Amino acid sequence: MKIKVNFPEKCVKSPMLSEIILKTGILVSIVSSHVDSKGGEMILDILDSNYELVKESFESRGAFVSTFNAFIRRNEDECVDCGACISVCPSHVFGYSEDWSLTMDMQKCVRCALCIDMCPHQALALEETDLE
Amino acid sequence: MVKTIAEINEKISSGSVCVVTAEEMADIVDDIGAEKAASEVDVVTTGTFGAMCSSGVFLNFGHSEIPIKITKMFLNDVEAYSGLAAVDSYLGAAQTSEKLGIKYGGAHVIEDLICGKEIDVLAHSYGTDCYPKKELATTITLEDLNQAIMVNPRNVYQKYDAATNGSKKTLHTYMGKLLPDFKNVTYSGAGILSPLSNDPTYRTIGAGTKIFIGGATGTIVGQGTQCSTASGFATLMTTGDLKEMTKEYVNASSFTGYGPSLFLGIGIPIPILDADMAKATAIRDADIEVSIKDYSVGLRDRPVVRNANYEELRSGSLQINGKEAATSCMSSFKKSRQVAEELKRQIASGTFFLGKNTTTLPARQSTKPMKETNKTLFVRDIMSRDVLQVEQTDSFIVAAKLMRQNESNHISVVSNKKLVGIITSWDISKAVADGKEETVEACMTKSVITCLPEETVETVAKRLAKFKISAIPVIDHQRNVVGLLTSEHISKLYTRGNV
Chain G
1 MKIKVNFPEK
11 CVKSPMLSEI
21 ILKTGILVSI
31 VSSHVDSKGG
41 EMILDILDSN
51 YELVKESFES
61 RGAFVSTFNA
71 FIRRNEDECV
81 DCGACISVCP
91 SHVFGYSEDW
101 SLTMDMQKCV
111 RCALCIDMCP
121 HQALALEETD
131 LE
Chain F
1 MVKTIAEINE
11 KISSGSVCVV
21 TAEEMADIVD
31 DIGAEKAASE
41 VDVVTTGTFG
51 AMCSSGVFLN
61 FGHSEIPIKI
71 TKMFLNDVEA
81 YSGLAAVDSY
91 LGAAQTSEKL
101 GIKYGGAHVI
111 EDLICGKEID
121 VLAHSYGTDC
131 YPKKELATTI
141 TLEDLNQAIM
151 VNPRNVYQKY
161 DAATNGSKKT
171 LHTYMGKLLP
181 DFKNVTYSGA
191 GILSPLSNDP
201 TYRTIGAGTK
211 IFIGGATGTI
221 VGQGTQCSTA
231 SGFATLMTTG
241 DLKEMTKEYV
251 NASSFTGYGP
261 SLFLGIGIPI
271 PILDADMAKA
281 TAIRDADIEV
291 SIKDYSVGLR
301 DRPVVRNANY
311 EELRSGSLQI
321 NGKEAATSCM
331 SSFKKSRQVA
341 EELKRQIASG
351 TFFLGKNTTT
361 LPARQSTKPM
371 KETNKTLFVR
381 DIMSRDVLQV
391 EQTDSFIVAA
401 KLMRQNESNH
411 ISVVSNKKLV
421 GIITSWDISK
431 AVADGKEETV
441 EACMTKSVIT
451 CLPEETVETV
461 AKRLAKFKIS
471 AIPVIDHQRN
481 VVGLLTSEHI
491 SKLYTRGNV
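As you go down the protein sequences, you meet chains G and F in turn.
Following our numbering, the numbering of the first sequence begins with 1 at its first residue and continues without gaps.
Following our numbering, the numbering of the second sequence begins with 1 at its first residue and continues without gaps.
If you're looking for bench data, these hints aren't it; they were derived computationally from the structure.
Misleading hints may appear alongside valid ones.
Claimed, not checked - When the alpha-carbon atoms are kept at most 30 angstroms apart in a straight line, the in silico BS3-like pairs for lysine-lysine are as follows:
1. F:K401 - F:K323
2. F:K417 - F:K401
3. G:K108 - F:K99
4. F:K168 - G:K108
5. F:K183 - G:K2
6. F:K11 - F:K36
7. F:K334 - G:K108
8. G:K108 - F:K169
9. F:K462 - F:K99
10. G:K108 - F:K401
11. F:K117 - F:K334
Bear in mind the structure is a predicted one, so any value in this text is a computation, not a measurement.
Model the full structure from these sequences, guided by the hints.
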């Protein structure tokens, strides 16, 4: 599952993620990270079963954790179900259903945005997070 | 048994016509054979929905109160050709916006017209006694135009070669984004539903054939431009009334790095006149083969990486040089099917009748390349073929001697015969000034910029400028040095006339 961690300004100098990884031994993948002196946000990919422990670990250190479901947005009025996006996605988010409609498996999305400039109909966009 | 188009139209009129899509026909012919299928089925509908850049509309604006003979015209900042009579213009789908560039173009104006949106019109003229007005600005919608007639010079390619990219950098093309190292393949065309692939001898397709185009009923004008019947890449010129079209089947698009194009839904009904026609319309994806071409070579004849049929392309991935490449379709199979189904519905319900073609496409016609009087020069045409090279383990003195003997400032450095660097007289000057006895390897440039003999001089000249270098080793695909191209070779092109 993907989670969003918000770091308030006071937290940006502490190596919080490293501390938590070392202490709990939990493996995380960093999907994206935007942190500067005023605060920031990270999108992390973790195992569902580790959610409670990861949330507790961050929040006891002053950060905020929420589940994250904002990935790629498809404008269905513009999409013509061509499937141009399928071959450029490294995570196999896109596919076809039985009737050749485009399908999307959002859980696989890593927000790399490679699909966005492939779409000839400008039907794909990144869902904006707080900082973008 | 042989049927005529008139007989089929009578059946459409009486509601007894048997019409199926090209997908259904393939199964029917497999089940009952071509003879029986020909006696049972009257019409097979086809459909395609993809980018058709060579499309556009003739527009007639009517006369302004003070008449104007328009010589230049812009619609939402997109130029429409106006070298016609006073108030006619032709808006091409691929024309780009003056202000927005390639993000918005003629295709978008066409879609906006269909959607009933207001379009800003700006027109210029030099003024005549009969047409005194010189400048005109107004706003129109599709309704305000006397005629908006779509006439597309090249549509409905019978099939289209697929694209891939063998280079190290991402390419943005009219075939979409092509990832480096053959990581993906893009293709276009409806395969089993492709109109021209279902009548590959073009018996029933020509001027006068009635078609479904963009939601309207239109006709084929005749062969399209670049129509190559000899190679199985025929095209059609098509026409239809824009006022009857819908956004469902006419969609503007813009390809990153390429520009605007029009996605258009076109369906052609194929009359099943006899068993031969039944057999032709039983074609499947696996029967239609195209080449996969390497778009990283910026030439007309791009190298073929391999061939593939539409079944392989549609499967989602295929192998290139032993590695898996993901495939993407640039046209919509779902919408192609929708076109074929809609055309089938219209024929079955008696609202669409077949038109008899008065011509067929020219047989065994091929397409010539452009006659270029100032011919494109390739690196191999002007490079020096004296390959000066040293081993990277040699002393730099060896390189210096070679430079002096040959009056050259650039020596290629090799290891196991493969290019590993370049050493220049400047590199040696630095080594001497620093008082170092060094190997070539220690003073050469390792990240050497190279080119291939088959690249154009223009491309490589830009590379020299970009990297601020004055010479570039020419290598083959195995990194063997085959020559050297210097800025001097390029400047000689201008001082000695054509080489």
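- Please name the hints from earlier in the document that this structure breaks, with their numbers sorted from lowest to highest. 1, 3, 10
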